[in-house]
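Student: We have chain D; now place chain C onto it with these hints.
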Amino acid sequence: MTHRIVVLGGGTGGTMVANRLRRRYGEDEATIAVVDRDDRHVYQPGLVFLPFGLTDSDEIVRPRQRQLRGGIDFHQSEVEHVDIEEDEVVLEDGTTLQYDVLVVATGVVLQPEETEGLTGPGWNERMFTFYDIAGAEQLARALDSFDGGRVVVNLVDMPIKCPVAPLEFAFLADAYFSERHLRDKVELTYVTPLDGAFTKPVASERLAGLLSDKRIELVTEFAAGEVDGERGRLVSWDEREVPFDLLVTVPLHGGAAYVGRSEGLGDDLGFVPTNQRTLQSLAKANIFAIGDATNIPTSKAGSVAHFEGEVLEDNVARFLEDRELSTAYDGHANCFIETGFGKALLIDFNYEQEPVPGHFPTAIGLPLLKESRLNHLGKLMFQWLYWHVLLPGRDIPGISAEMPESGKRSQPEPV
Amino acid sequence: MTTTEIAGVAVERDAEGFLVDPAQWTPEIGEEIARESGIPELTPRHWQVVRFMRERYLATGTAPSIRSLGKESGVPIKELYQLFPKGPAKLAAKIGGIPKPRGCI
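From first to last, the protein sequence lines are chains D and C.
Here this note's numbering is used: the first residue of the first sequence is 1, the next is one more, and so on.
Here this note's numbering is used: the first residue of the second sequence is 1, the next is one more, and so on.
The following block holds chain D by itself, in its conformation from the complex (with noise of 0.2 Å):
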């Protein structure tokens, strides 16, 4: 019986699952497609560069499609909902497929309209985010003009994609103010709902240090509720302000808007309950689960998504052959953060484990929770990586899905 697999998002959890399961089955064994409303994949990690000239949006742009392996069916369609009693997907444009397993890797959705006064005068023009590709070029020529004032850098809440990538904005714009000489005309500020930089005991610490050191000023607990553009004001839920000229966004996140009109597959903000192990919906046993569209709780980054996707691939093959699933996914997501003038620093960690100094990926290797030029280099060079290696579904040589101990250190020197 030939097997028919439906995975719905071409982004990096979908591609890279969709060419695992091709490699993996036969075409007489498994016919496979792959689902997504446009035909641009986005290499993410590079939005954060856009805004300063470091890349363009040409280098980071490529169609999906062609990141599929033959014998992979792409359709180009937003998905209408999925009918989880009867295992089918009805596409706006018309298409039923129908499925034996479903994989759903369909990302999240920006919901700046959901704080109010965000997308209202301003929108745009002195208030920006760079976690689209539109709102990053904007943000870019807005950042060229810009001769002086309070530049604010605000998460209104988790969770979000990539949580450092706020930071390395904040960082990254330091080191472009300095460059452009105009450091001591801008007041820098970093505005967050956690009570630290950043969501892990010791990296906040390191990264907090990092801010202080680069004259960005840190507001935590600040619970954006609503932002008044015409005045140039941040306000919190419990009325505090914080005033700007330019503001970076990052807005709330949900699940993609299908799995709202789907009954029983996701939850209130549109994540899909997943075991946090296996990889498996809670909704049902024949739906899977890969990268941001989860609930499950480590970050929602393309790192996670790599890691899962070894796991996933390992568990659809199982449930097709009634095998019991594999619980080997340990919560591994792994981060370079860049902090401008071209050093960054790398974070790897998983459920048990937060972020802690040392190397990766043994005690040989790149250093952990500390600025260096050669975290710099990795992070440029995973870009090829990206490409050539993890979309394709081949693995990294040495890079495991499961978090690697050995060179770290679990008591970490006084900061």
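In short, the hints are calculated from the structure, not lab data.
Ideal Cβ placement from N, Cα and C applies to all residues, glycine included.
Hints should not be assumed to be uniformly reliable.
[Claimed, not checked] Short, incomplete list of chain D residues facing chain C, as computed with Cβ under 8 Å:
#1 ASP157
#2 GLY225
#3 ASP228
#4 TRP237
#5 ASP268
#6 LEU269
[To be verified] 27 Å max Cα-Cα, derived DSSO-like pairs, lysine-lysine:
#7 D:LYS161 to D:LYS214
#8 C:LYS86 to C:LYS71
#9 D:LYS161 to C:LYS78
#10 C:LYS78 to C:LYS100
#11 C:LYS71 to D:LYS370
#12 D:LYS200 to C:LYS90
#13 C:LYS100 to C:LYS71
#14 D:LYS161 to C:LYS86
#15 D:LYS379 to D:LYS161
#16 D:LYS343 to D:LYS379
#17 C:LYS90 to C:LYS78
#18 D:LYS161 to D:LYS284
#19 D:LYS284 to C:LYS90
#20 D:LYS284 to D:LYS379
#21 D:LYS200 to D:LYS214
#22 C:LYS71 to C:LYS90
#23 C:LYS100 to D:LYS161
#24 C:LYS90 to D:LYS161
#25 D:LYS379 to D:LYS185
#26 C:LYS100 to C:LYS86
#27 D:LYS214 to D:LYS185
#28 C:LYS86 to D:LYS200
#29 D:LYS200 to D:LYS161
#30 C:LYS71 to D:LYS161
#31 D:LYS185 to D:LYS343
#32 D:LYS200 to D:LYS370
#33 D:LYS214 to D:LYS370
Tutor: Using the frame of chain D, we list chain C on its own:
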């Protein structure tokens, strides 16, 4: 983790004061935790939120985030911040005897 007595019951609490075992919770414990957190009296609006949090956690294994609370508890976010200053989801979870919401990763 430490064992302390609240409202006459010995309960286990984590470093931040959240109950380790939601089954040990009673409404009296909730009132006592509210007082030590700076809320002298729990009004019916407070209870609406605390009960919603607790029921949702017991049904799904996850405490709702502030956004879910705003959408589904019947109390708008602005009022949530007035009822539970600083961190409504965190504070309501603590008062309701359930673990700290894991919204922030």
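Student: Each hint should be assessed against the structure and marked as holding or not.
Tutor: Evaluated hints:
no. : hint                 : in the structure
1   : ASP157               : holds, 6 Å
2   : GLY225               : holds, 6 Å
3   : ASP228               : violated, 15 Å
4   : TRP237               : holds, 4 Å
5   : ASP268               : holds, 5 Å
6   : LEU269               : holds, 6 Å
7   : D:LYS161 to D:LYS214 : holds, 24 Å
8   : C:LYS86 to C:LYS71   : holds, 19 Å
9   : D:LYS161 to C:LYS78  : holds, 25 Å
10  : C:LYS78 to C:LYS100  : holds, 21 Å
11  : C:LYS71 to D:LYS370  : violated, 41 Å
12  : D:LYS200 to C:LYS90  : holds, 16 Å
13  : C:LYS100 to C:LYS71  : holds, 19 Å
14  : D:LYS161 to C:LYS86  : holds, 24 Å
15  : D:LYS379 to D:LYS161 : holds, 17 Å
16  : D:LYS343 to D:LYS379 : holds, 10 Å
17  : C:LYS90 to C:LYS78   : holds, 15 Å
18  : D:LYS161 to D:LYS284 : holds, 26 Å
19  : D:LYS284 to C:LYS90  : violated, 31 Å
20  : D:LYS284 to D:LYS379 : violated, 37 Å
21  : D:LYS200 to D:LYS214 : holds, 21 Å
22  : C:LYS71 to C:LYS90   : holds, 17 Å
23  : C:LYS100 to D:LYS161 : holds, 22 Å
24  : C:LYS90 to D:LYS161  : holds, 22 Å
25  : D:LYS379 to D:LYS185 : violated, 30 Å
26  : C:LYS100 to C:LYS86  : holds, 14 Å
27  : D:LYS214 to D:LYS185 : holds, 14 Å
28  : C:LYS86 to D:LYS200  : holds, 19 Å
29  : D:LYS200 to D:LYS161 : holds, 16 Å
30  : C:LYS71 to D:LYS161  : holds, 22 Å
31  : D:LYS185 to D:LYS343 : holds, 24 Å
32  : D:LYS200 to D:LYS370 : holds, 16 Å
33  : D:LYS214 to D:LYS370 : holds, 15 Å
The structure does not agree with the numbered hints 3, 11, 19, 20, 25 stated previously, though it agrees with the rest.
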